[in-house]
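Asker: Taken in sequence, the protein lines are chains A, B, C and D.
First residue of the first sequence? That's 1 in UniProt numbering, and the numbers climb one at a time after it.
First residue of the second sequence? That's 1 in UniProt numbering, and the numbers climb one at a time after it.
First residue of the third sequence? That's 1 in UniProt numbering, and the numbers climb one at a time after it.
First residue of the fourth sequence? That's 1 in UniProt numbering, and the numbers climb one at a time after it.
Note that these hints are calculated values from the structure, not bench results.
On a predicted model such as this, the values are computed, not experimentally measured, just so you know.
Be aware that one or more of the hints could be misleading.
For identical chains, the list gives no copy identity; a pair is met inside one copy or between any two copies.
As the list claims (entries may be wrong) - Here are the simulated lysine to aspartate or glutamate pairs, DMTMM-like style, with alpha carbons at most 20 Å apart:
1) K133 x D177
2) K133 x D167
3) K133 x D121
4) K133 x D238
5) K133 x D162
6) K133 x E200
Protein chains: 4
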Amino acid sequence: MITVGVLGAHGRMGSEACAAVEGAEDLELVASVDIGDDREALRAADVVVDFTHPSAVADNLRWCVDAGRHVVVGTSGVGHELLDEVRGRLQPGQGVLVVPNFGIGAVLMMRFAAQAARFFDSVEVVELHHPRKADAPSGTATRTAQMIAAARAEAGLGPGPDATTHDPDGARGATVDGIPVHAVRMAGLVAHQEVLLGTEGETFTIRHDSLHRSSFMPGVLLACRKVAEHPGLTVGLDAFLDLD
Amino acid sequence: MITVGVLGAHGRMGSEACAAVEGAEDLELVASVDIGDDREALRAADVVVDFTHPSAVADNLRWCVDAGRHVVVGTSGVGHELLDEVRGRLQPGQGVLVVPNFGIGAVLMMRFAAQAARFFDSVEVVELHHPRKADAPSGTATRTAQMIAAARAEAGLGPGPDATTHDPDGARGATVDGIPVHAVRMAGLVAHQEVLLGTEGETFTIRHDSLHRSSFMPGVLLACRKVAEHPGLTVGLDAFLDLD
Amino acid sequence: MITVGVLGAHGRMGSEACAAVEGAEDLELVASVDIGDDREALRAADVVVDFTHPSAVADNLRWCVDAGRHVVVGTSGVGHELLDEVRGRLQPGQGVLVVPNFGIGAVLMMRFAAQAARFFDSVEVVELHHPRKADAPSGTATRTAQMIAAARAEAGLGPGPDATTHDPDGARGATVDGIPVHAVRMAGLVAHQEVLLGTEGETFTIRHDSLHRSSFMPGVLLACRKVAEHPGLTVGLDAFLDLD
Amino acid sequence: MITVGVLGAHGRMGSEACAAVEGAEDLELVASVDIGDDREALRAADVVVDFTHPSAVADNLRWCVDAGRHVVVGTSGVGHELLDEVRGRLQPGQGVLVVPNFGIGAVLMMRFAAQAARFFDSVEVVELHHPRKADAPSGTATRTAQMIAAARAEAGLGPGPDATTHDPDGARGATVDGIPVHAVRMAGLVAHQEVLLGTEGETFTIRHDSLHRSSFMPGVLLACRKVAEHPGLTVGLDAFLDLD
Numbered sequence: 001m002i003t004v005g006v007l008g009a010h011g012r013m014g015s016e017a018c019a020a021v022e023g024a025e026d027l028e029l030v031a032s033v034d035i036g037d038d039r040e041a042l043r044a045a046d047v048v049v050d051f052t053h054p055s056a057v058a059d060n061l062r063w064c065v066d067a068g069r070h071v072v073v074g075t076s077g078v079g080h081e082l083l084d085e086v087r088g089r090l091q092p093g094q095g096v097l098v099v100p101n102f103g104i105g106a107v108l109m110m111r112f113a114a115q116a117a118r119f120f121d122s123v124e125v126v127e128l129h130h131p132r133k134a135d136a137p138s139g140t141a142t143r144t145a146q147m148i149a150a151a152r153a154e155a156g157l158g159p160g161p162d163a164t165t166h167d168p169d170g171a172r173g174a175t176v177d178g179i180p181v182h183a184v185r186m187a188g189l190v191a192h193q194e195v196l197l198g199t200e201g202e203t204f205t206i207r208h209d210s211l212h213r214s215s216f217m218p219g220v221l222l223a224c225r226k227v228a229e230h231p232g233l234t235v236g237l238d239a240f241l242d243l244d
Numbered sequence: 001m002i003t004v005g006v007l008g009a010h011g012r013m014g015s016e017a018c019a020a021v022e023g024a025e026d027l028e029l030v031a032s033v034d035i036g037d038d039r040e041a042l043r044a045a046d047v048v049v050d051f052t053h054p055s056a057v058a059d060n061l062r063w064c065v066d067a068g069r070h071v072v073v074g075t076s077g078v079g080h081e082l083l084d085e086v087r088g089r090l091q092p093g094q095g096v097l098v099v100p101n102f103g104i105g106a107v108l109m110m111r112f113a114a115q116a117a118r119f120f121d122s123v124e125v126v127e128l129h130h131p132r133k134a135d136a137p138s139g140t141a142t143r144t145a146q147m148i149a150a151a152r153a154e155a156g157l158g159p160g161p162d163a164t165t166h167d168p169d170g171a172r173g174a175t176v177d178g179i180p181v182h183a184v185r186m187a188g189l190v191a192h193q194e195v196l197l198g199t200e201g202e203t204f205t206i207r208h209d210s211l212h213r214s215s216f217m218p219g220v221l222l223a224c225r226k227v228a229e230h231p232g233l234t235v236g237l238d239a240f241l242d243l244d
Numbered sequence: 001m002i003t004v005g006v007l008g009a010h011g012r013m014g015s016e017a018c019a020a021v022e023g024a025e026d027l028e029l030v031a032s033v034d035i036g037d038d039r040e041a042l043r044a045a046d047v048v049v050d051f052t053h054p055s056a057v058a059d060n061l062r063w064c065v066d067a068g069r070h071v072v073v074g075t076s077g078v079g080h081e082l083l084d085e086v087r088g089r090l091q092p093g094q095g096v097l098v099v100p101n102f103g104i105g106a107v108l109m110m111r112f113a114a115q116a117a118r119f120f121d122s123v124e125v126v127e128l129h130h131p132r133k134a135d136a137p138s139g140t141a142t143r144t145a146q147m148i149a150a151a152r153a154e155a156g157l158g159p160g161p162d163a164t165t166h167d168p169d170g171a172r173g174a175t176v177d178g179i180p181v182h183a184v185r186m187a188g189l190v191a192h193q194e195v196l197l198g199t200e201g202e203t204f205t206i207r208h209d210s211l212h213r214s215s216f217m218p219g220v221l222l223a224c225r226k227v228a229e230h231p232g233l234t235v236g237l238d239a240f241l242d243l244d
Numbered sequence: 001m002i003t004v005g006v007l008g009a010h011g012r013m014g015s016e017a018c019a020a021v022e023g024a025e026d027l028e029l030v031a032s033v034d035i036g037d038d039r040e041a042l043r044a045a046d047v048v049v050d051f052t053h054p055s056a057v058a059d060n061l062r063w064c065v066d067a068g069r070h071v072v073v074g075t076s077g078v079g080h081e082l083l084d085e086v087r088g089r090l091q092p093g094q095g096v097l098v099v100p101n102f103g104i105g106a107v108l109m110m111r112f113a114a115q116a117a118r119f120f121d122s123v124e125v126v127e128l129h130h131p132r133k134a135d136a137p138s139g140t141a142t143r144t145a146q147m148i149a150a151a152r153a154e155a156g157l158g159p160g161p162d163a164t165t166h167d168p169d170g171a172r173g174a175t176v177d178g179i180p181v182h183a184v185r186m187a188g189l190v191a192h193q194e195v196l197l198g199t200e201g202e203t204f205t206i207r208h209d210s211l212h213r214s215s216f217m218p219g220v221l222l223a224c225r226k227v228a229e230h231p232g233l234t235v236g237l238d239a240f241l242d243l244d
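Could you build the full structure based on these sequences and the hints that come with them?
Answerer: Okay, structure coming up:
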């Protein structure tokens, strides 16, 4: 049985994480801490999960590391300096995992897209979201395009074929590192992304449809289960998925 | 048995039309005419199909109408003036059909999209083509968006919800009469289009994949079979599909 | 302003209908009636919507008709005998609409599928639902296939081409009136259906994704707004969509 | 420059392979051999590609191995006994690659599907082919399902959730090692496959559309380029894709 403490336990992600841990047979929730609570209760936990706030995460992370806990960080705002500092403070055998995206589907999509992009002439990304989203293209689509572009550059591939000479207007989206990213905003959608790849004679499509926040919980649980097996500092859920 | 003559019989569409007519049990190919041939042979045909050239179509169309033939025009470049002139020259019972797109799938997509657009908050179009295409968005996508926009205006609907405030770059495509049209160019594709519609709680998608020119032939044969039943001048295959 | 009363106002659909009517600017909710309440309050309503129970719908429908109300029936279990009886009781100008499916998307999908099926050699249906569903294929998919089969029979079309000689096992689904219907059951899905049509050189796809019950409310509101304009008895939302 | 010889050079795959090798800047076609030709010409080739016939492949493979050539075998019918024999005959540094499927897209789809299947509750396969296909489900779909089932068994996962109690008929397809495989046959299609995966709150889809034989040539060229770098006997293109 792995004991788990949650920091930011009253927030949207934190409260869902508490429920998910309580529902897992091999995990035990031993501390639920939010603003104003004493962090000492977290010392009983093998693993502390942080879903707090960018302004609070540095202090929490230092405290947890010094308290010898394994840590899973789901809060954004962990910069390179903090990562370097944490790396220096870690004790032998202690694991810290910083996770920009707990969605296993999103992680798989990015990884598969980058792997496949080496074998096709053309790659474009279509991301589709609810119409309340302010930014286009989405952060996930931008990261996906960057990973695709990096994989193609490493394989010595140039831009995909494109004879377009007349395209005066432009639609929602962007070209990210040479990869076209199209952004659809539509009532009835939640968060969806499609990576389209093509070579003469065949196309290949990877699509992820995310319908609600519960889809992040399998990633949270997986992180709790595996962080102790991966001493040191890790960024991204990929390394824990045993995909190689 | 309906007898058919083909004008422009040696061109790509014309030769395929000759083969299609010859393969149809209820049609008989009685004249195949191209540049330099005598058009008189066409007098034996109930229906003349024109697949010539924008510079030749006016003269051919006048000749066929004066010869009392039913005519199916698949050549582009038939403007409003010529249409008016033809309307005036027609004899009672004579039918002329001018067809911008013989693809029954494309015609159905446009029609269904316009009908459905009245019932959804959001509509966007994604068109996907081979990378040798010079224009973006495609003509079919532009027409589809125009038809959607007209249907929405008639139903008193405004633009779909869109909270985008940060979209600095733009991707291939355009916003046509308020409808976003995204253009994908990719090796391995031919000609494809998707119309996406959404309202809170549901989405609706109409997709057409066109793989080669043979997909236009059912529309050509249908036009030959029905043009005599529709006296007067008709533009577009829609009216012959008995969809109401 | 159209006044509306809801019968079965405390049920899942009824309570959602009450909220939807209250949220519509051109409708006013004047009566919310459930088991044990007096139906007299419904006399103040131009239109009564019934979301009760198959065992109660006959009595409610008779009462509403005799009270001179326009009626929208969303409860299942209205058989041919009851329909005939209602038709006989209607006063001039009184409208009754019986709706098996308020989902406008589902209605459009069935209609478009039946219209398109006349123009393609092959048609198959894939329905995809959450894994708690007991029946396969779904009722909507079965009705869709029946409508497709009827449209093809009327157009003189036989079964689609299929050279399968070795298919020893069978997967979830059925062949309904000659139309293959495939049934996918999957965690993460809600209610989805795809109609695939194909002819040499092209394919055509109509897809509907329904994510939650709120997607039925636009159909409920549309029924309330239009039932008075359609005197007599009508079955199905189609006739109110002005699609011709 | 790598020199290549093709055995079965007049067949469909062989002739396309000859053209592809001639079109590649880093490969040189030095021998095109078919039935009745002398195989001695193949001694000039660094790599011999075999696209002959199941009845001829054993003799050709022995000859090539004894001639010290690297070999890429695209002919089916290479059984375990022959593989064992070849393994014993190989000289140090000599590479033989036996490839059941040169489609890089198909190889990626199977690999990604098996990797992703460990992270989702439900997995089903939909394969879609032209209506002239005799078998259902397709060989690729069956292998995909087997690989998915093996990956899930290794991860300790049971069957996906499925509450179906009423499914009296069955549609085209099969349940392969517990994985439902649905088979669509449709005019206008070529060879397509979709792997659908789902967990509460999200779905993940991998789709491959193969439109013609040319899509196998990148795999053939990749095999020619890399077989010398992989001494010993290898089965399947996967190992050459550097996906780990």
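Asker: Identify every previously stated hint that the structure contradicts and give their numbers, smallest first.
Answerer: 1, 4
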